[in-house]
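With our numbering, the residue at position 155 of the sequence shown is 155, and numbering never jumps.
Since the hints were derived computationally from the structure, they do not count as laboratory data. Heads up, a few of these hints could be off.
Keeping only pairs whose Cα atoms sit at most 25 Å apart, straight-line, the calculated PhoX-like set for lysine-lysine is [said to hold, decoys possible]:
hint : residue 1 : residue 2
1    : 281       : 294
2    : 178       : 294
3    : 144       : 126
4    : 126       : 138
5    : 144       : 177
With beta-carbon atoms standing in for the labels, derived distance ranges [what the hints assert, rightly or not]:
hint : residue 1 : residue 2 : range
6    : 266       : 94        : 13 to 23 Å
7    : 103       : 129       : 11 to 21 Å
8    : 284       : 224       : 53 to 63 Å
9    : 288       : 133       : 16 to 26 Å
10   : 209       : 177       : 56 to 66 Å
11   : 52        : 106       : 24 to 34 Å
12   : 294       : 219       : 27 to 37 Å
13   : 284       : 211       : 51 to 61 Å
14   : 113       : 177       : 38 to 48 Å
15   : 92        : 113       : 42 to 52 Å
16   : 106       : 211       : 19 to 29 Å
A virtual CB, placed ideally from N, CA and C, is assigned to each residue, including glycine.
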Amino acid sequence: MQQVGAKSFANAQPVDPRHFPVPLPRTGRRALVKASHVWVLHKQVITRIVGAVLALLVAFGLYEARDVIGSAGLTAYRFVQGEFAQAGFGIDAIEITGQTLTDDKDIITLLTVGTGNSTLTFDAQKAQARLEWLRAVKSATVRKVYPNRVIVSIVEKVPVARWRIGDTTWLIDETGKKIGTDISSYTDLPLLIGEGAGDDGVAMVRVLARHAGLDDQLAALSRIGDRRWDLIYRNGLRVQLPESGVAQALDQLEMYQTDYALLERDVSVIDLRVPGIVTLKPGEIAAAQIAEAKGSKGKKPAKKPASAPAATAPAAAPQAAAPVVPVTRTQ
């Protein structure tokens with residue numbers, strides 16, 4: 001076996017290791033090592049930060065170019081619409097049926113909002129949903145008929161009464177909601193007057209409908225203090241109903257009307273607010289007759305002259321007793 005470097009070891013001298021210098025690594029390599037350590041330890045966080053920055057840059061770029069993009073999109077849309085129209089798919093006719101309370105221009109406006117002028121791009125479902133926003137529309141059906149027609153069928157809510165608020169008379173449906181303004185074809189519906197009349201008016205109309213003899217010449221139902229109702233007739237008669245027990249009061253009033261035609265009498269007020277008691281306020285003619293009858297009862301009959309022969313006349317036949325209405329009279 002040959003010994004290597006024996007001479008060099010023979011000439012070696014002892015040296016303190018602390019005297020040897022420590023070489024410094026290059027700056028680039030050190031940064032690369034640190035960066036690799038950071039990537040390994042925080043890879044997910046770095047990925048999210050970079051993605052967020054890129055998204056912000058893209059959003060900022062789109063915002064800066066919004067006018068150019070919008071103009072290009074509008075130009076393309078108009079171009080497509082024009083091409084479709086030239087190809088024979090432009091909307092030339094809109095047929096609407098079933099509308100009475102709804103204005104045609106309101107329907108047309110909602111049909112054409114954002115739908116273009118071509119049957120190919122017209123969205124019938126969205127147009128149908130928009131039509132149901134109208135207060136008088138219960139449901140709507142919109143169909144496209146190629147190449148150039150749109151057919152609209154409207155089903156409106158049914159008005160059951162009129163409600164006068166200030167100078168405007170509204171039509172209300174069975175839920176008491178306003179569905180349109182009064183028009184001439186609905187003047188036969190009951191008229192409600194007063195604050196809050198629309199809320200409870202439909203229920204009152206239904207109760208009154210059970211008494212057919214009481215709605216003749218009825219002008220309006222007036223809501224008093226949002227608590228009770230008055231019936232106002234065309235001859236000026238006012239019937240005051242109670243807060244509770246309205247059905248019983250109407251039954252009583254209908255009985256008097258059937259037996260004595262009370263609503264046709266010269267009476268200005270019929271007060272039914274106290275259960276079991278009917279109070280009447282006479283009209284001008286009836287009040288004059290009552291006053292005259294009271295005055296004639298207070299006068300003494302004049303004495304006959306002594307020279308005048310006593311008149312003899314056959315006794316008058318007894319008259320049939322007039323029916324007595326159990327009422328309390330007030331003047």
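Structure-based check of each hint:
no. : hint                     : in the structure
1   : 281 with 294             : holds (17 Å)
2   : 178 with 294             : violated (53 Å)
3   : 144 with 126             : holds (13 Å)
4   : 126 with 138             : holds (16 Å)
5   : 144 with 177             : violated (32 Å)
6   : 266 with 94: 13 to 23 Å  : violated (59 Å)
7   : 103 with 129: 11 to 21 Å : holds (19 Å)
8   : 284 with 224: 53 to 63 Å : violated (24 Å)
9   : 288 with 133: 16 to 26 Å : violated (60 Å)
10  : 209 with 177: 56 to 66 Å : violated (20 Å)
11  : 52 with 106: 24 to 34 Å  : violated (47 Å)
12  : 294 with 219: 27 to 37 Å : holds (33 Å)
13  : 284 with 211: 51 to 61 Å : violated (28 Å)
14  : 113 with 177: 38 to 48 Å : violated (24 Å)
15  : 92 with 113: 42 to 52 Å  : violated (19 Å)
16  : 106 with 211: 19 to 29 Å : violated (39 Å)
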